[in-house]
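Asker: Below are the chains, spelled out letter by letter.
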Amino acid sequence: MAKAKTTKRPDAAGGNRPFIYNRYAPRQLREALAKMQRIRRFEECAEESYMRGHIHGTMHLSIGQEASAVGICMPLNAGDQLTSTHRGHGHCLAKGAEIARMFAEFFGREDGYCKGRGGSMHIADVANGNLGANGIVAGGLPIAVGAALAIKKLKKPNVVVCFFGDGANNEGAFHESLNMASIWKLPVVFVCENNGYGMSMSAARSTAVENVADRAAAYAMPGVIVDGNDLSAVAEASQIACDRARAGDGPTLIENKTYRWRGHSKSDRNRYRTKEEIEAWVAKDPIIRFQDEMKSQGIVDDAAIAEIRAAVEQEIEAGLEFAKASPPPRIEDLTRFVYTDPIP
Amino acid sequence: MPVEVIMPKVDMDMTAGQVTKWHAGEGDRVVKGRCLFEIETDKAAMEVEAPANGILRDVTGGQGVDIPVGQVIAWIFGDGETYTRQAGGQAAPSAAAPPPVSLPVIATRAPAADGALRASPLARRLAKAAGLDLTAIAGSGPRGRIQKADVLSHQAGQSPASPAKTASDDEAILNLFHPDDYDVVPHDSLRKTIARRVVESKKFVPHFYLGVDCEIDRLLTLRQEINQNPHVLEAPDQAAKVSINDMVIKAMAKALRDVPDANVTWTESNMIRHHKVDVGFAVAIPGGLIAPIVRNADQKPLTAIARETKDLAARARSRTLDVAEYRGGTTSVSNLGMFGTREFSAIINPPHATILAVGAGERRPVVLADGHTVAAATVMTLTLSSDHRAVDGALAAALLAAVKSSLEDPIRLLV
Amino acid sequence: MNQDIRALSYAEALREAMAIAMEADERVFLMGEDIGVYGGAFQVTGDLIERFGADRVMDTPISELGGAGVAVGAALGGMRPIYEFQFSDFAMLAMEQIANQAAKMRFMLGGAVSVPVVMRFPAGSGTGAAAQHSQSIEAWFAHIPGLKVIQPATPHDVKGMLLAAVADPDPVMIFEHKLLYKMKGPVPAGHYTVPIGEAEIRCAGRDVTIVATSIMVHRSLAAAAELERENISAEVIDLRTIRPIDRQTVIESVKKTSRLICVYEGVKTMGIGAEISAMVVESEAFDFLDAPILRLGGAETPIPYNPDLERAAVPQTPAIVEAARRLVTAKA
Numbered sequence: 003m004a005k006a007k008t009t010k011r012p013d014a015a016g017g018n019r020p021f022i023y024n025r026y027a028p029r030q031l032r033e034a035l036a037k038m039q040r041i042r043r044f045e046e047c048a049e050e051s052y053m054r055g056h057i058h059g060t061m062h063l064s065i066g067q068e069a070s071a072v073g074i075c076m077p078l079n080a081g082d083q084l085t086s087t088h089r090g091h092g093h094c095l096a097k098g099a100e101i102a103r104m105f106a107e108f109f110g111r112e113d114g115y116c117k118g119r120g121g122s123m124h125i126a127d128v129a130n131g132n133l134g135a136n137g138i139v140a141g142g143l144p145i146a147v148g149a150a151l152a153i154k155k156l157k158k159p160n161v162v163v164c165f166f167g168d169g170a171n172n173e174g175a176f177h178e179s180l181n182m183a184s185i186w187k188l189p190v191v192f193v194c195e196n197n198g199y200g201m202s203m204s205a206a207r208s209t210a211v212e213n214v215a216d217r218a219a220a221y222a223m224p225g226v227i228v229d230g231n232d233l234s235a236v237a238e239a240s241q242i243a244c245d246r247a248r249a250g251d252g253p254t255l256i257e258n259k260t261y262r263w264r265g266h267s268k269s270d271r272n273r274y275r276t277k278e279e280i281e282a283w284v285a286k287d288p289i290i291r292f293q294d295e296m297k298s299q300g301i302v303d304d305a306a307i308a309e310i311r312a313a314v315e316q317e318i319e320a321g322l323e324f325a326k327a328s329p330p331p332r333i334e335d336l337t338r339f340v341y342t343d344p345i346p
Numbered sequence: 005m006p007v008e009v010i011m012p013k014v015d016m017d018m019t020a021g022q023v024t025k026w027h028a029g030e031g032d033r034v035v036k037g038r039c040l041f042e043i044e045t046d047k048a049a050m051e052v053e054a055p056a057n058g059i060l061r062d063v064t065g066g067q068g069v070d071i072p073v074g075q076v077i078a079w080i081f082g083d084g085e086t087y088t089r090q091a092g093g094q095a096a097p098s099a100a101a102p103p104p105v106s107l108p109v110i111a112t113r114a115p116a117a118d119g120a121l122r123a124s125p126l127a128r129r130l131a132k133a134a135g136l137d138l139t140a141i142a143g144s145g146p147r148g149r150i151q152k153a154d155v156l157s158h159q160a161g162q163s164p165a166s167p168a169k170t171a172s173d174d175e176a177i178l179n180l181f182h183p184d185d186y187d188v189v190p191h192d193s194l195r196k197t198i199a200r201r202v203v204e205s206k207k208f209v210p211h212f213y214l215g216v217d218c219e220i221d222r223l224l225t226l227r228q229e230i231n232q233n234p235h236v237l238e239a240p241d242q243a244a245k246v247s248i249n250d251m252v253i254k255a256m257a258k259a260l261r262d263v264p265d266a267n268v269t270w271t272e273s274n275m276i277r278h279h280k281v282d283v284g285f286a287v288a289i290p291g292g293l294i295a296p297i298v299r300n301a302d303q304k305p306l307t308a309i310a311r312e313t314k315d316l317a318a319r320a321r322s323r324t325l326d327v328a329e330y331r332g333g334t335t336s337v338s339n340l341g342m343f344g345t346r347e348f349s350a351i352i353n354p355p356h357a358t359i360l361a362v363g364a365g366e367r368r369p370v371v372l373a374d375g376h377t378v379a380a381a382t383v384m385t386l387t388l389s390s391d392h393r394a395v396d397g398a399l400a401a402a403l404l405a406a407v408k409s410s411l412e413d414p415i416r417l418l419v
Numbered sequence: 035m036n037q038d039i040r041a042l043s044y045a046e047a048l049r050e051a052m053a054i055a056m057e058a059d060e061r062v063f064l065m066g067e068d069i070g071v072y073g074g075a076f077q078v079t080g081d082l083i084e085r086f087g088a089d090r091v092m093d094t095p096i097s098e099l100g101g102a103g104v105a106v107g108a109a110l111g112g113m114r115p116i117y118e119f120q121f122s123d124f125a126m127l128a129m130e131q132i133a134n135q136a137a138k139m140r141f142m143l144g145g146a147v148s149v150p151v152v153m154r155f156p157a158g159s160g161t162g163a164a165a166q167h168s169q170s171i172e173a174w175f176a177h178i179p180g181l182k183v184i185q186p187a188t189p190h191d192v193k194g195m196l197l198a199a200v201a202d203p204d205p206v207m208i209f210e211h212k213l214l215y216k217m218k219g220p221v222p223a224g225h226y227t228v229p230i231g232e233a234e235i236r237c238a239g240r241d242v243t244i245v246a247t248s249i250m251v252h253r254s255l256a257a258a259a260e261l262e263r264e265n266i267s268a269e270v271i272d273l274r275t276i277r278p279i280d281r282q283t284v285i286e287s288v289k290k291t292s293r294l295i296c297v298y299e300g301v302k303t304m305g306i307g308a309e310i311s312a313m314v315v316e317s318e319a320f321d322f323l324d325a326p327i328l329r330l331g332g333a334e335t336p337i338p339y340n341p342d343l344e345r346a347a348v349p350q351t352p353a354i355v356e357a358a359r360r361l362v363t364a365k366a
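Chains as they are written, first to last, in the working numbering: chain A, 3 to 346; chain B, 5 to 419; chain C, 35 to 366.
None of these hints come from the bench; they were simulated from the model.
Any given hint might turn out to be false.
[Claimed, not checked] Label pairs and their computed distance ranges (CB to CB):
| no. | chain 1 | residue 1 | chain 2 | residue 2 | range |
| --- | --- | --- | --- | --- | --- |
| 1 | C | Thr303 | B | Val188 | 32 to 38 Å |
| 2 | C | Thr161 | B | Asp396 | 54 to 60 Å |
| 3 | B | Thr271 | C | Gly112 | 44 to 50 Å |
Beta carbons: idealized from backbone N, C-alpha and C, even for Gly.
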């Protein structure tokens, strides 16, 4: 069986700089760092608001996976689209969403991205190309393929990134979607964020192949295994896949190996993994790693990092204020948005 | 609880049956499984067993009369069960049996077997509106349910609607004649439908009538020209040959298109303004008449109407019309001209608001436009019946004038 | 009004509607299993592939879940897909995409998107196809806010309703009874629509209202003709849309006739008839009822193979006649 390839990590010390430092300007790299920070701090504050009882429903946090969201979205243009998962806050922010409107959504307010009807699990930002997070495991895969079909039919130059977790790779929709995207050579980039667990069941126990990316072979598309905590490696894999998709050569399956620091959702008691395992991954924090890398490349110093953090903190604070001040939906509007034209 | 004895369905297509013989009478003890009565349908005769042990009461299923399937014809009370009168089927007259147990004229109380008062929501509403006490009304429905008809007949001071009245009326009529002087022909369903519809129309639709004479010489000439046209002559069976009636249908349809306020139907809550002009035309058939409909008659050429009326009339006579072909419509035309009738008034065929009665075209003296000279012309008298709830006099007059102008200047039927 | 009226079969009318939709709008395309050169399992797409090419009459792999989801995604992406299920029974494989995605997407996203997808479901029994190819599951879909569910009963309506569905911004599910495909009827040429959500009184009557769907409309009309001979005047309402239901037409009719029978092919329990009955008794029509409401629906069984059993499993004309007769002539 054809095995997926692992991307080669160029030796940073040998003058052969990692991909993103050749590809992107320092300003863009600092913005990437800001995005990772923004995702981290947004989720931490959302978690706190939840624990304080300000947020009504549960949420699935992607803390520890920020490099995957930001790296994948780096090559995307405004017209490119993505489908996301129940662990989708990072994808949303990486594609350009505003913190304030995301908080407003979490607080269930009219100014939220979904006017308070969707919450964390269905966060979307259609104007920026995010077609929505999906509460159903693998629910977004066929939709991404369909959106890519529309792009092809409408002869647009765009791609669709389809995020999903390791849990989705055992759903039928995963296989049907990869097959159709491949037979019709559609501009999709399938991105499996393999954080090791589908709720409590480890990928090792749930999945017959060693790597999710190995399954690409069955659908005649490249399968790429990436260190999902390495921003440059993720961005590079995404760039290659997007180029291939835009060229009309069809889909790619990228597997970002990463880890979620928090439990599956807010009710998770972490019985299925050890403290040691979690601590080992926390030590591989993708944000620290990228900061250190940028420092060694001379792109930021500690002062610049502190400046970025301070700006993010301000944004968070303003966002929370905005959300709290936003009006709740009116009860009379209960069935609004069920149909385009309201049914009497 | 007492057990009901019903007229059972013993044949696939059985709808009613007759009790030919009761094996037990009022108050007799019956045993479950033993023969209780014999029935006859149009296909079979058979014995029916008692459905329970107990005392037979309230036998209402008279011998020798048609009883609908499912109707309760008696009750069986269990031992120790207190007898309360059960609302039964209608008292059926029977020659052989003792006088039927007739329902009391002033019903006392007809509770269901379990003592609950059963009444349909409609019956409750009607009773309340009329200030009637439901417990004073006898229910004729399943399990003694009081229905609309029971309330209405109670209001009219009689027990539930019963065919007895009709039967005695019939009897009274027959008594006027010597039995050797007539044959009795049972009504078929067509006859009954016609009777019901004309009674309803005359009873509920306030008719008024307008008459007009039309000079139709030019119409006759046009008809001749059309029918001598090779396209018409060469058509198979000359199906496109146009009749005067076809031309009247077209004229009526055009008139309704031009006077749309008359193309309406009255309902209690609304005026229905029809978008289409669909014209029914009366066809006499053995035993009655039927009025198939030419749809969108205002938009069809005369030859198309001719083909359609021929086909519909033929199938009306062979009784092979689909219901959809004679249901609805927005007006109708009835023509007795071919029988020499000079003029007549027709009964409106609901849901229509109008009907046009067409008399014979005959040579009559007419005064010419100079006001002095009398000449002969072919004249046909039309009578328009209108439903005054929907169409007022002036409107009806405008409609009739429009018909007349098309018939007298028939080129209008072609353009 | 267009005067050019031809007699077309239900399948031909559908095909004509899809062709008109595709000619009028480049975004409209068809997806489904074997709809290309094969012409569709029931020859509904027929020769459309020759007219519009394989890009617009797309054969899909046998992947109902994925296929339905791709249609949903394409609709989100600005296209107007019409997805054909080979049999409505196979929709169960795709329920996730229909019920969780298509139906809810607009709502979950606070109105930011619409999902203008049309899905077509050949449905119903009578073809000897047995339990997994004969079901009438439209009521399942009618339970889902966000979907529109229609059951056109005539060639005229299926053309007009498909064109209305394609123009509709929300997901529309069309349940087509397989026995109707060959039924012919008058169909105007050119583009016209029959509105979704409006019932049609197929024959007016006085004594009893029969609310029917799909093929049961025809059986009810046959019953009405038979009842007419017995002086029972039945009003037959073709519901046409089961979500959203045309409440007013049904309620007004019951107020007039005081009696109601619901006739549908789906299993009787928890079916369309229960909804209509409840709708009527909750309405002002309650006080006009002069008899209990009757439901005639599918028997509590999967559809059997044996033809006699198969017929017995769903309402037939004599049962409708009998029910109406029982209601109208109800006597103790």
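Asker: Next, verify each hint and record whether it holds.
Answerer: Structure-based check of all given hints:
1. Thr303(C) <-> Val188(B): 32 to 38 Å: Since the Cβ atoms of Thr303(C) and Val188(B) sit about 50 Å apart, the hinted range of 32 to 38 Å is violated.
2. Thr161(C) <-> Asp396(B): 54 to 60 Å: holds, 56 Å
3. Thr271(B) <-> Gly112(C): 44 to 50 Å: holds, 47 Å
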